[in-house]
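Undergrad: Protein chains in written order, with our numbering: chain A, 1 to 300; chain B, 1 to 245.
Rather than coming from a laboratory, the hints here were simulated on the basis of the structure. Heads up, the beta-carbon is just placed ideally off N, CA and C, and yes, glycines get one too. Keep in mind that the hints are not guaranteed to be accurate.
Unchecked claim - Here's a subset of chain A near chain B, in silico, CB distances under 10 Å, partners left out:
(1) R12
(2) T43
(3) S78
(4) P81
(5) Q84
(6) P86
(7) L87
(8) G89
(9) L102
(10) A147
(11) R153
(12) A262
(13) V265
(14) T266
(15) C272
(16) P279
Unchecked claim - Ranges between beta-carbon positions, derived for each pair:
(17) S22/A <-> R239/B: 28 to 36 Å
(18) R243/B <-> G63/A: 23 to 31 Å
(19) V116/B <-> R16/A: 36 to 44 Å
(20) G14/A <-> R243/B: 14 to 22 Å
(21) D65/A <-> A184/B: 50 to 58 Å
(22) E69/A <-> V228/B: 43 to 51 Å
(23) P138/B <-> G14/A: 43 to 51 Å
(24) G227/B <-> N6/A: 42 to 50 Å
(25) G217/B <-> G112/A: 41 to 49 Å
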Amino acid sequence: MLTIENLTKTYRRGVRANDGISFGVGEGQVIGLLGHNGAGKTTLLSQVVGLVRPTSGRITLLGRDPVAEAAWARTVCSFQPQAQAPLTGVTARQAIEIVGRLRGGGRKQVRGRTKELLAALDIEEWADSPAERLSGGVRRLTAFCMAVVVPGRLVMLDEPTNDVDPVRRRLLWEQVRALAATGHAVVLVTHNIAEAERTIDHVVVLDHGRVVATGTPGALAAGREMHLSLSTPVDPALPAWAHTPHREGDRLTVTLAAADAAAAVTWAGQHCDRYSLNPASLEDVYVGLTEGDHDAVLVP
Amino acid sequence: MRSWFRSYLLLVRWTALRMRFLLPLFLIIQTFLAVGIVIGFAYLMPEVDPATALYLSTGAPTLGLITIGMVMAPQLVAEAKSEGTFAYNRTLPVPRTAVLAADLTTWLVTGLPGLVLGLVTAVFRFDLHLHVSWLVAPAMLLVALTATTVGFALAYALPPAITNLVSQALIFISLMFSPINFPADRLPGWLQAIHHFLPFEHMANAVRDTLTSPAGGAPGLSFVVLGVWCVAGLAITLRVMTRRD
Chain A
1 MLTIENLTKT YRRGVRANDG ISFGVGEGQV IGLLGHNGAG KTTLLSQVVG
51 LVRPTSGRIT LLGRDPVAEA AWARTVCSFQ PQAQAPLTGV TARQAIEIVG
101 RLRGGGRKQV RGRTKELLAA LDIEEWADSP AERLSGGVRR LTAFCMAVVV
151 PGRLVMLDEP TNDVDPVRRR LLWEQVRALA ATGHAVVLVT HNIAEAERTI
201 DHVVVLDHGR VVATGTPGAL AAGREMHLSL STPVDPALPA WAHTPHREGD
251 RLTVTLAAAD AAAAVTWAGQ HCDRYSLNPA SLEDVYVGLT EGDHDAVLVP
Chain B
1 MRSWFRSYLL LVRWTALRMR FLLPLFLIIQ TFLAVGIVIG FAYLMPEVDP
51 ATALYLSTGA PTLGLITIGM VMAPQLVAEA KSEGTFAYNR TLPVPRTAVL
101 AADLTTWLVT GLPGLVLGLV TAVFRFDLHL HVSWLVAPAM LLVALTATTV
151 GFALAYALPP AITNLVSQAL IFISLMFSPI NFPADRLPGW LQAIHHFLPF
201 EHMANAVRDT LTSPAGGAPG LSFVVLGVWC VAGLAITLRV MTRRD
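Okay, chain A solo, but in the shape it has when bound:
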């Protein structure tokens, strides 16, 4: 549905925000765009909806060129910007309904869908309060509803879970999956990697405007080390499979290869009662990828 080829954006001040980025998003797919602040994620999304003009490279959306046809691109693409949506003087329900109508929805359809979304995200109790008095999290959820009330074929969400409480974050992730289930393509920018890991099908990691890794969360983490944590006040003699010991108070963490997991469990059981063994998470992979200089890693 969306193909990005060799996309480069250099701002007039000389800042290269995107540097030769390529990836694609298909129908029903949720792509997670990960990267530090300033990695070029927002610039990338802004080019797809025609707010920023690429310096070079090509974007293809549903077989057409959204750079040349920016007005059309905005009709097939719903975008939740990172900045809070303007809600001064209106209630959450009014804002969602008006944007739904502006996106081409019929009165009845929009009213029904708004009600559904407010219930699904459990924010009905604030639906009719003046929105400027709402908490940051509820405002963010309202902005999410504004983006998906009449979703375009492509939905782009820039940090949709900022300020949102853990319970409602889950509800939001469910809605993202529901969009994918109905054939929408979703591009998701988030720093909430641990949670997004369960929602996204494919990851694109950006660092300094370049793609440093792409693949499924599982494939990216495969072959990575596992973590063993145990609570012990003294440092026991470490077996040969244990690497990079790290202590925080009475908690000792070592890394090991997945093949040594059984040996690690036995060893840990001999030294303390409480221990945990975890596979590398997407967050670990991300931190590893974006630390220091490295070459691009491409995992199919």
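Given chain A, put chain B in place with the hints provided.
TA: Frame of chain A, contents of chain B only:
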């Protein structure tokens, strides 16, 4: 065209909803301004002759329109830019011209009650007999449109803090140093020359001459100058609205 009009109506609704708490405030400010000029300014002069009364009474509605278009509107646009409304609207699938038209409509309607109130006050205070020309409606519309488009252009082209400063300066310039409430020949020659190109004097002429229908007929030149300012304001505003980094 149908979808343009649909977007336009929905945007008018959204803007009106956002501004509904401010509308009464604008009405009060405009009324104070009009009454202030008509009644307050008269205290500055020992004797108000019919010519002065005419300038004050027709200057008041002109200044009301300038205040709405060149002070209130740019300040609210600056605020909208700061809080992200402008950036958000740019992501919506609506024509930019519909956004601009909706904003203009809201501001023109906002200016209307103050305009009428100012005139009514003047007529009662000075016992004026106006000879209103049929051109008064298009003239007022042109003045309001020019003030608002120039105000928008300033607000869209400049950073919000500068917009607020410039719009404050504009109200002083139009109130004290523009031939709106008094004849142009009281100003020094160089300032008169500048006012031939600025919109303020032409706004005053357009309003005064269509309210009083003098022997010379409608002020054609003023209409032309205002038209040029209006088009320039629209062009700059649309340019900023559609600009891509």
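Undergrad: Please write out, lowest number first, the hints stated earlier that are contradicted by the structure.
TA: 11, 12, 13, 14, 15, 16, 19, 22, 25
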